[in-house]
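As they're listed, the protein sequences go chains A and B. When we follow this note's numbering, the leftmost residue of the first sequence carries the number 1, and every step to the right adds one. When we follow this note's numbering, the leftmost residue of the second sequence carries the number 1001, and every step to the right adds one.
FYI, nobody ran anything at the bench for these hints, they're computed from the structure. One should not assume that every hint holds.
[Said to hold, decoys possible] Computed list of lysine to aspartate or glutamate pairs in DMTMM-like fashion (alpha-carbon distance at most 25 angstroms, straight line):
id	chain 1	residue 1	chain 2	residue 2
1	A	Lys252	B	Glu1342
2	A	Lys20	B	Asp1205
3	A	Lys20	B	Asp1235
4	B	Lys1118	A	Glu251
5	B	Lys1118	B	Glu1048
6	B	Lys1379	A	Asp45
7	A	Lys252	A	Asp276
8	A	Lys184	B	Glu1048
9	A	Lys291	B	Asp1273
10	A	Lys252	B	Asp1273
11	B	Lys1379	A	Glu251
12	A	Lys184	B	Asp1273
13	B	Lys1379	A	Glu58
14	B	Lys1118	A	Asp276
15	A	Lys236	A	Asp276
16	A	Lys218	B	Glu1342
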Amino acid sequence: MKKFFLLLALCAAATPAAAKLRVFACEPEWGALASELGGDALQVDVATSALQDVHQIEAKPSLIAKVRQADLLFCTGADLEVGWLPQLVRQANNPKVAGGAGWFMAADQVSTLDRPSSVDRAAGDVHPQGNPHVQLDPRRVLQIATALAPRLAQLDPANAALYAERLADFGTRWDAAIARWQAKAAPLRGKTVIVHHVSWAYLNEWLGLQQIDTLEPKPGVPPTSAHLAGLIDRAKEQGVYAIVTAAYQDEKPARWLSERTGVPVVVLPFTVGGDDQARDLFGLFDSTIDKLLGAAP
Amino acid sequence: MKSLFHAGCVLAALSSPAFAAEPPDLETLAIRLQQLEADLQAARAEIEQLKAQAALSPPAPPPPPPPATAGGSDPNAFNPALSVILNGEFSNHSADGENEGFSLGESELALSSNIDDKFYGQLTLAVENEDGADELGVEEAYIDSTALPGGFTVRAGRFFSNIGYLNNHHAHTDNFPDRPLPYELFLDGQYGDDGVQVRWLAPTDLYLELGGELLRGDSADGRGAHTLFAHAGGDVGIANAWLAGVSWLHSDADEGRDRDLYLADFTWKWAPDGNLRDGGVQLRSEWFREDGEQERSGAYAEAVYRINRRWETGYRYDRVWNAADGYEPTRHGAVLAWHNSEFSLLRLLLGRDRFESGSDDNVLLLQYQAAFGAHGAHKF
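Work the whole structure out from these sequences, hints included.
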């Protein structure tokens, strides 16, 4: 028994110091943002893919092993990962990321929308801290980047100048891109959409899209045929522009409604990697806006 | 009458901004109306123009909200995460049994919180029905270290041992309403005890956890059991994840032979794109070998198919081998579960237990299970 623990101690002592700051990003968009700011100075592990429902991830052993080695957890927060991230942190035995400087939640850096005045699970998957899907407003993404760079510098002072430089460069390119996107997306302002899940609150606010209903009867509750049937008349009466779903979502309910109303389905990438064009954050918004504009009759 | 008319004139005169001495004629009014209409149209145009400008450059998002610490102190601000598991069942056995009909399953109340910068604590109280009487027992009550370097964690108190797979999982996360036969016969369902545990997680991309426990056990000196365990796991592509382990539980006996229990466990989960809650397969098997007063082995294997977010079905086969006394029970179980949400499910189990040769017990069990309070984060 004693020998066993001695062996454990030796194993632990033999661990080489990590050369690069290691970032564990819960979602692809935050992995992409960390790479924008850190480049080769960071080793970025991304926990999920664009084809996964990040509300419903399992606390897999491979993820625990990555959190064990991380210097920084970069996740969405606002309870998006409440079903798995706490378990990863509890099992990873890594005090660096259990709180403090190694814990960075995107939703904490911006103002959130749809904060409920009261929470009740009878209303579905409700987030007391507001809608967590903040990555689809590029203005908020810039706010998050602006908060992230100093955090990277704090954890890795040797590369502080690099992070500041890359943030400035990213900010310039991003501001130009925002202006381009806004000009391009101007025709979308005021258009009405039906969405699968309330994943698009920030995109809607930014582009001036109006969400009139969701395919899910309540947030996080899968679409039911009764609820979908009730949407047919509303979609026709209100001249809905598009039915919006994310790449990871089941397209069947959206297609069903589309066939009965003639409203086109738009499958948006939702995050980096959600389609061929969304290879980085710039591509994510290029693709999102192109696809939304493509729904015009 | 005349004086009334005069009064009206005075009022009208006073109310007109220009203090017109005489009431305005229709022509003047018409001109005035035209002017007002023109003004209104100009104002409308201006509003439209402003709207269009706003559309082109939407306002920047508001700054982040201030932290919610303003105001006086809130005595409840540090309340722990509180969660309640409710569980009840109805069962019917073809063979005569005592536990037929309605019963409250394991219903529990769990409190957990960071204690300070170095410790985390959890308390789980469970209501169990023992021979018709409800008993509230302390299922788990432990503290964990949270600040040890090098990937170590120490746990102290009462806790479920980390041996095997199911043993450290709370029953409400199981895929079946009952524990497999080897668990029931070798570990009385689940082995929890008072003691200390050390776990170490390797800093590698392969998940590798090693650890051991010193526990109270059944001996007179109150430190009569110890365990060693190793678990490893990883992914194969994005669709597959696995976890495997070997464990050893040694229990001192005051009289007779000490008991050694060896366990091996293996879990494989497959789901397209890794979305296990929307469809996929879980395979699990655990093997038991006991040496001591009894020499016996046991095993179970289960396969669970998640059809979609709501429906799940599975099959499990359990058995125990005992060469010495020939007692070799088996059990088949088929389960169908309906998940209304992450927080509630209804489950039907059809089982066939064979405890003695030639006498099968056909079991029908209906169960509900619900969780409310703090959102649980389940283990793999």
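Now the hints, each set against the structure:
1. For a cut-off of 25 angstroms, the pair hint linking lysine 252 of chain A to glutamate 1342 of chain B stands: about 22 angstroms separates their Cα positions.
2. Using a Cα cut-off of 25 angstroms, the hinted pair lysine 20 of chain A and aspartate 1205 of chain B holds, with the two alpha carbons roughly 15 angstroms apart.
3. Only pairs whose Cα atoms come within 25 angstroms are accepted, and lysine 20 of chain A paired with aspartate 1235 of chain B is accepted, the gap being roughly 24 angstroms.
4. For the hint pairing lysine 1118 of chain B with glutamate 251 of chain A, the CA-to-CA distance comes to about 47 angstroms; that exceeds 25 angstroms, so the pair is violated.
5. Taken as a hint, the lysine 1118 of chain B and glutamate 1048 of chain B pair is broken in the structure, with Cα atoms around 60 angstroms apart against an allowance of 25 angstroms.
6. A distance of roughly 20 angstroms separates the Cα atoms of lysine 1379 of chain B and aspartate 45 of chain A; the hinted pair therefore holds under the 25 angstroms criterion.
7. Distance check on the hinted pair: lysine 252 of chain A and aspartate 276 of chain A sit about 21 angstroms apart at the alpha-carbon level, within 25 angstroms; holds.
8. Our distance criterion of 25 angstroms between C-alpha atoms is met by lysine 184 of chain A and glutamate 1048 of chain B, whose separation comes to about 20 angstroms.
9. This hinted pair checks out: lysine 291 of chain A and aspartate 1273 of chain B have alpha carbons roughly 23 angstroms apart, not beyond 25 angstroms.
10. Distance restraint check for lysine 252 of chain A and aspartate 1273 of chain B: the Cα-Cα separation of roughly 17 angstroms lies within the 25 angstroms cut-off, and the hinted pair is therefore satisfied.
11. A C-alpha spacing of about 30 angstroms is found between lysine 1379 of chain B and glutamate 251 of chain A, which places the hinted pair above 25 angstroms, so the restraint is violated.
12. Proximity of lysine 184 of chain A to aspartate 1273 of chain B is assessed by CA-CA distance (about 33 angstroms); at most 25 angstroms being required, the pair is judged violated.
13. Straight-line distance between C-alpha atoms of lysine 1379 of chain B and glutamate 58 of chain A comes to about 8 angstroms, which keeps the hinted pair within the 25 angstroms bound.
14. Restraint check for lysine 1118 of chain B and aspartate 276 of chain A: the C-alpha separation of about 46 angstroms exceeds 25 angstroms, so the hint is violated.
15. The hinted pair formed by lysine 236 of chain A and aspartate 276 of chain A fails the criterion: a straight-line CA distance of about 32 angstroms is larger than 25 angstroms.
16. A C-alpha spacing of about 14 angstroms is found between lysine 218 of chain A and glutamate 1342 of chain B, which places the hinted pair at or below 25 angstroms, so the restraint holds.
Checked against the numbered hints above, the structure violates hints 4, 5, 11, 12, 14, 15; every other hint is satisfied.
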